[in-house]
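Participant: In case you want the letters, here they are:
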Amino acid sequence: MTVSVEWYLLLSAAVFCVGLFGILVRQNALMFLMSVELMLNAGNINLVAFALYWGNLTGQVFALFLIGIAAAEVAVGLGIILVLNRNFDDIDVTEATTMRW
Amino acid sequence: MNDLGTLPDWAGLAPALALVGTALLLFLYDMIEPDSQNNLLLAGIAGIGSLTALGFAGWFLLAGTGQPDRGGAIELFDGQLVVDAMALFFMAIFASVTLLVVVASYDYLAGRANQAAYYSLVMLAATGMAVMATADSFVTAFISLELASLPSYALVASLKQNQGSVEAGLKYFLVGALSSAIFVYGISLIYVETGVLQFGEVATALASGELSGVVGLGILFIIGGFAFKTASVPFHFWAPEAYEGAPAPISAFLSSASKAAGFVLAFRVFLTALPRGSVEGTLDWVIAFQVLAIVTMTVANFAALRQEKVKRMLAYSSVGHAGFVLIALGALTSEANRSFVLGSGMAHLLVYGFMNTGAFLVIALTEHWGIGREIEDFNGLATQAPFACAALTVFLFSLAGLPLGGGFLSKFYLLLAAIDGEVALLAIALVVNSAVSVFYYTRVVKAMWVEEPADDLAIEGYPSGLYVAITFAVVLTVLLLPGFGFVLEFTSTAAETVVPG
Chain Y
464 MTVSVEWYLL LSAAVFCVGL FGILVRQNAL MFLMSVELML NAGNINLVAF ALYWGNLTGQ
524 VFALFLIGIA AAEVAVGLGI ILVLNRNFDD IDVTEATTMR W
Chain S
211 MNDLGTLPDW AGLAPALALV GTALLLFLYD MIEPDSQNNL LLAGIAGIGS LTALGFAGWF
271 LLAGTGQPDR GGAIELFDGQ LVVDAMALFF MAIFASVTLL VVVASYDYLA GRANQAAYYS
331 LVMLAATGMA VMATADSFVT AFISLELASL PSYALVASLK QNQGSVEAGL KYFLVGALSS
391 AIFVYGISLI YVETGVLQFG EVATALASGE LSGVVGLGIL FIIGGFAFKT ASVPFHFWAP
451 EAYEGAPAPI SAFLSSASKA AGFVLAFRVF LTALPRGSVE GTLDWVIAFQ VLAIVTMTVA
511 NFAALRQEKV KRMLAYSSVG HAGFVLIALG ALTSEANRSF VLGSGMAHLL VYGFMNTGAF
571 LVIALTEHWG IGREIEDFNG LATQAPFACA ALTVFLFSLA GLPLGGGFLS KFYLLLAAID
631 GEVALLAIAL VVNSAVSVFY YTRVVKAMWV EEPADDLAIE GYPSGLYVAI TFAVVLTVLL
691 LPGFGFVLEF TSTAAETVVP G
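Chains as they are written, first to last, in my numbering: chain Y, 464 to 564; chain S, 211 to 711.
The set of hints was computed from the structure by calculation and includes no laboratory data. Keep in mind the model is a prediction, meaning the values are calculated, not measured. It is possible that some hints are incorrect.
[To be verified] Examples of chain Y residues lying across from chain S (beta carbon under 10 Å, computed): (1) 470; (2) 479; (3) 483; (4) 484; (5) 496; (6) 509; (7) 512; (8) 529; (9) 533; (10) 544; (11) 559.
Using N, Cα and C, we set each Cβ at its ideal position, and we do this for glycine too.
Taking the hints into account, I'd like the entire structure generated from these sequences.
Facilitator: What follows is the structure, encoded as structure tokens:
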């Protein structure tokens with residue numbers, strides 16, 4: 464028995480919303496990074512599931528690229544969070560407010 | 211088809227290849243001499259690299275590569291990349307802004323650590339922007355967008371001991387990561403509906419058959435991604451922070467080149483992949499961009515009125531200019547002469563590239579002198595540095611749309627574009643906001659020329675690199691006033707290859 468393709472869309476939307484919710488409420492920069500990963504992976508779920516549905520590999524190959532880019536993004540992000548910790552002694556994203564909005 | 215005479219097709223990417231080659235060369239040098247402080251050599255390598263890229267782009271433009279009469283756009287790698295006149299035009303903008311930034315950084319970075327990394331990151335970001343101009347598939351579009359963004363995050367935070375720089379880097383990164391996730395989700399929704407990612411194929415798939423609401427949602431998310439890259443509402447919050455905290459040459463780089471890169475990709479995506487005719491039923495992006503343009507212009511210009519810091523005011527003015535260029539997308543109605551509308555947007559981005567980079571470079575100069583950031587700190591600066599103040603005056607008045615530089619004509623043609631598209635509200639918003647902007651630009655000019663200098667105002671030295679870059683920018687800004695007709699004619703022709711039908 465195969466799962467019908469609409470359910471994948473629903474799953475990815477749910478994962479995307481969890482990630483978005485995390486970004487809106489979390490103050491810890493690392494949690495923020497994890498939430499962004501969830502949102503990126505929601506896109507991956509769509510791409511992989513519909514690559515099967517459409518019968519081509521475009522989506523799967525793009526998903527592989529996305530996984531690589533997400534890792535690079537985290538690497539840059541962790542670097543920035545590291546210098547944040549050195550300068551502000553904290554990784555709370557609401558702490559760094561020397562400039563006003 | 212091959213239209214460079216004896217050159218192979220991939221040679222069309224020469225500007226991007228020159229940029230990435232320079233970045234790798236700088237990495238190589240950094241590997242051999244990790245503690246090098248040889249600023250002249252590093253800036254020289256980066257400068258020659260961007261000059262080479264500019265030379266290639268200029269040569270191809272003059273030779274007519276990618277123009278219909280020379281064999282048309284060059285498609286590479288199975289339609290993943292395309293080199294046409296629009297791509298080459300934007301590559302020339304990125305290469306010249308990179309050149310200005312590199313030359314200015316020579317003085318700005320003197321005595322700092324990690325210079326090789328700084329220059330190679332600038333070159334990598336420029337490569338990403340050049341590839342964005344040629345992207346012809348959502349895959350290459352996203353990868354090049356990230357290639358432009360990731361080095362930019364690091365560059366903004368590159369003053370590691372400076373709280374402002376780190377905070378700016380963090381905010382830029384957080385908003386950027388969020389918006390690229392949103393962009394990816396938008397792309398995946400387009401894939402859900404069509405099953406393809408190449409722009410032309412997406413357009414074909416969308417033209418045939420009933421569309422579900424998924425496409426509309428996808429377009430909305432993709433607009434969100436572009437709003438971040440071009441620093442428009444609703445993802446503009448990062449811009450004032452990032453530009454204020456970043457090293458001033460990087461602020462110049464991001465606010466000019468990065469914004470232009472976002473726009474060239476947006477032009478291509480919305481005209482070739484999501485043509486209005488097929489997706490109008492789900493989400494009419496012309497209306498969406500009209501709303502975004504008006505809101506962006508108004509929010510940014512009124513926020514700029516209240517700023518006391520010059521750099522922050524320029525940041526808001528840069529957001530406002532994103533709103534002006536959005537007119538070129540919002541006026542693409544069925545009544546409009548679409549290649550003219552698009553061409554005037556492209557021409558404005560060229561003029562803006564020089565005048566805005568120049569303005570930020572003068573700020574870099576004042577930071578080099580250790581002058582404060584508030585408008586009052588600029589009081590009487592003209593008594594000490596008349597040339598720099600005259601240059602800043604030209605840049606600011608050109609940004610405001612007064613006939614001192616190319617900004618006057620490019621704004622005028624955007625107004626004509628809005629009228630051509632029969633969108634009265636856009637035209638009115640453009641005029642009102644330009645009038646508002648004259649106020650805050652004039653405050654800085656008045657401080658420099660009219661106010662009495664503070665007693666302790668003293669500047670030491672006239673850094674040659676910064677002065678060369680500023681002179682170059684000011685000459686081009688002024689020359690674009692008489693030369694604008696030529697540019698507009700060219701961009702309108704370039705736009706014809708992108709506009710369908």
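Participant: Hint by hint, say whether it matches the structure.
Facilitator: Against the structure, the hints come out as follows:
{"no.": "1", "hint": "470", "verdict": "violated, 13 Å"}
{"no.": "2", "hint": "479", "verdict": "holds, 6 Å"}
{"no.": "3", "hint": "483", "verdict": "holds, 8 Å"}
{"no.": "4", "hint": "484", "verdict": "violated, 12 Å"}
{"no.": "5", "hint": "496", "verdict": "holds, 7 Å"}
{"no.": "6", "hint": "509", "verdict": "holds, 4 Å"}
{"no.": "7", "hint": "512", "verdict": "holds, 8 Å"}
{"no.": "8", "hint": "529", "verdict": "holds, 6 Å"}
{"no.": "9", "hint": "533", "verdict": "holds, 9 Å"}
{"no.": "10", "hint": "544", "verdict": "holds, 7 Å"}
{"no.": "11", "hint": "559", "verdict": "holds, 4 Å"}
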